[in-house]
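Visitor: Given the structure of chain A, go ahead and fit chain B onto it with the hints provided.
Chains as they are written, first to last, in UniProt numbering: chain A, 1 to 334; chain B, 1 to 334.
For the record, the hints were derived by calculation from the structure and aren't laboratory data. Just so you know, even glycine gets a beta-carbon here, dropped at the ideal spot from N, CA and C. Misleading hints may appear alongside valid ones.
Said to hold, decoys possible - Derived list of chain A stretches under chain B, where covered just means 3 residues or more per stretch with a C-beta under 8 Å from a C-beta of chain B:
1. 216-228
2. 249-258
3. 269-279
Residues per chain, in single letters:
2 protein chains.
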Amino acid sequence: MAGNKQVRVAGRPPGIPQAEHFEIVDSDMPAIGAGQILVRNLFLSVEPAMRGWLVDKSNYSQPIEIGSVMRALAVGEVIESRAPGFASGDRLMGWFGWQEFAAAAPDTVIRKVDDTDLSPSLALGVLGLNGVTALLGLEKVGRPVAGDTVVVSTAAGSVGSAVGQIAKLLGCRTVGIAGGAEKVAICRDEFGYDVAIDYRTPGLEQALAAACPGGANVYFDNTAGAISDAVYRQLAVYARIVACGTASVASWDPIPTGPRVERIIMTRRATMGGFVVLDHMAEFNAASGRLAQWVREGKLRYREEIVDGIERCPGAIADLYNGLNLGKRLIRLV
Amino acid sequence: MAGNKQVRVAGRPPGIPQAEHFEIVDSDMPAIGAGQILVRNLFLSVEPAMRGWLVDKSNYSQPIEIGSVMRALAVGEVIESRAPGFASGDRLMGWFGWQEFAAAAPDTVIRKVDDTDLSPSLALGVLGLNGVTALLGLEKVGRPVAGDTVVVSTAAGSVGSAVGQIAKLLGCRTVGIAGGAEKVAICRDEFGYDVAIDYRTPGLEQALAAACPGGANVYFDNTAGAISDAVYRQLAVYARIVACGTASVASWDPIPTGPRVERIIMTRRATMGGFVVLDHMAEFNAASGRLAQWVREGKLRYREEIVDGIERCPGAIADLYNGLNLGKRLIRLV
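With the rest of the complex left out, here is chain A:
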């Protein structure tokens, strides 16, 4: 019987998870019990949020135990089913972990991937956690109205690029912030931002002021840090901030300092709201369906960076944070 390569957590990362915090283990092919399914993973997902999942502290999810398989979303194919409603050959997206095979309970499945006209890999990116985060975070916390100016940080990223395009579809002006000339060009040419700003060149604040003459009505924040400080100063009255990620903060222990936000929040009567998509899984399928329709109509573009082999998992989270990736990072197994 074939084995099952797994990526297990070898140590708790103090900041951004590095390759050394994981180990690849050759395990036995799992046997499934009654009510379970055996899934062969096709694509494994890599998320910036994995950093938070690995923290051993009060957080929005249970910390992952040292020694266990790394928690991850994956797209896989059912190769054996002892659970009603699932059959061999079904393609599923769910919490199958960084491993080749998963003996899974039905409640780890998020959805069946039955969009046969679209690549199954999309179920992990623009139609998955990233796209759904963009759509629901924007709508629920950002509450954009046509004519609003929407500012997005990590504007070329998997979440940010979807936010910018969806805001545009909703009739907003979009301002993207990204790092480096290549990403800025992609923001403008591929994701349709009205203005794209390179935060690495001097003058971020002036560029933002010029890009938001009436202020920023919505700020979809994937970075926190100095980028956010600059955006806060451009907030319009009644602005909404979606606190969705903190990519630019290398470590939260100890908590870094920055300019206090209370007075801007108060005087602009702004709202800063945290968004974690895992709170909204009941709406996942419907949101994914809306995104798929936009993809089919050519209105929602995406980039994927697919690399082959489970050996690429351990260093993959750190890659997301070094700013080098250009698209949804996926590990292809089959």
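Guide: For chain B alone, coordinates are given in the frame of chain A:
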């Protein structure tokens, strides 16, 4: 003909307004034109918010011009009317300024003070800007539900004391933060807080953790600064922060630094919302009426600190910020 003593703005305060930023001027008794009313002020209000009104910068209200009469709410009596709907003897609460007499347009009137069973001074405090701020800020941004733990800073102050009592009336547990043993005792004995904490004694964080075993569901923030930093660390999931005042921050120029909030906001899926009561003046009368009913029923207590003479105005704002006052500060003129 009698004169009209006025308190005019003599200079723009860099931080908290001090007596030197005002001058008392003997002016002529104003003459009213068609459509105006002549109001004799009985009580002048002193607000922490006056600091913000005096700032020469982007803010929620037009900055007050140097040389003009200090913007202030007052309760006064109509002594001459050339405006329909107003008659001599009417008691009014409105934007009549720090002066003895005001030639006022009807749109400066916020409401007629016809609760003859209650002191007219209450129209400036528990039934005025302070009480209405407490009620609407708590309901609109704090959105408490019965059973919630509601934490209040400046818990013994004019706004905070009303927040604590209203939260209690709505079925919440209340935790008040105040400075000094006397205020803490008042919080407990007079305003009914379940727990009152003196932020000046060591161990604020431990005291908060003990007072909020399930976390703080609502934080009504009148201080910002280190007090808020300690409360943020106790926020429950889905907590709501009402950013209503920044009493503990001596100057916002330059913006002081503090621990970044983005990660707490995100992981707790908290919401921080700015509240300025001036956005909600259409609801003022109804809110004031609800507060008056609670006062009549003995369910809503208040403290007033009334001092006599317009000469007490210039130093009155700084008094609010030195933490020595115990109740709504009013200047009685008549």
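Visitor: If you look at each residue in the segment 269-279 of chain A, do at least three have a Cβ nearer than 8 Å to any Cβ of chain B?
Guide: That given contact holds, which follows from 9 residues of the segment 269-279 of chain A lying within Cβ reach (below 8 Å) of chain B.
Visitor: Does the segment 249-258 of chain A contain three or more residues whose Cβ lies closer than 8 Å to a Cβ of chain B?
Guide: Contact hint for the segment 249-258 of chain A vs chain B: holds, 6 residues under 8 Å.
Visitor: Check whether three or more residues of the segment 216-228 of chain A sit with their beta carbon closer than 8 Å to a beta carbon of chain B.
Guide: It holds: at least three residues are needed, and the segment 216-228 of chain A offers 4 whose Cβ sits within less than 8 Å of chain B.
Every hint from the earlier list agrees with this structure, and none is contradicted.
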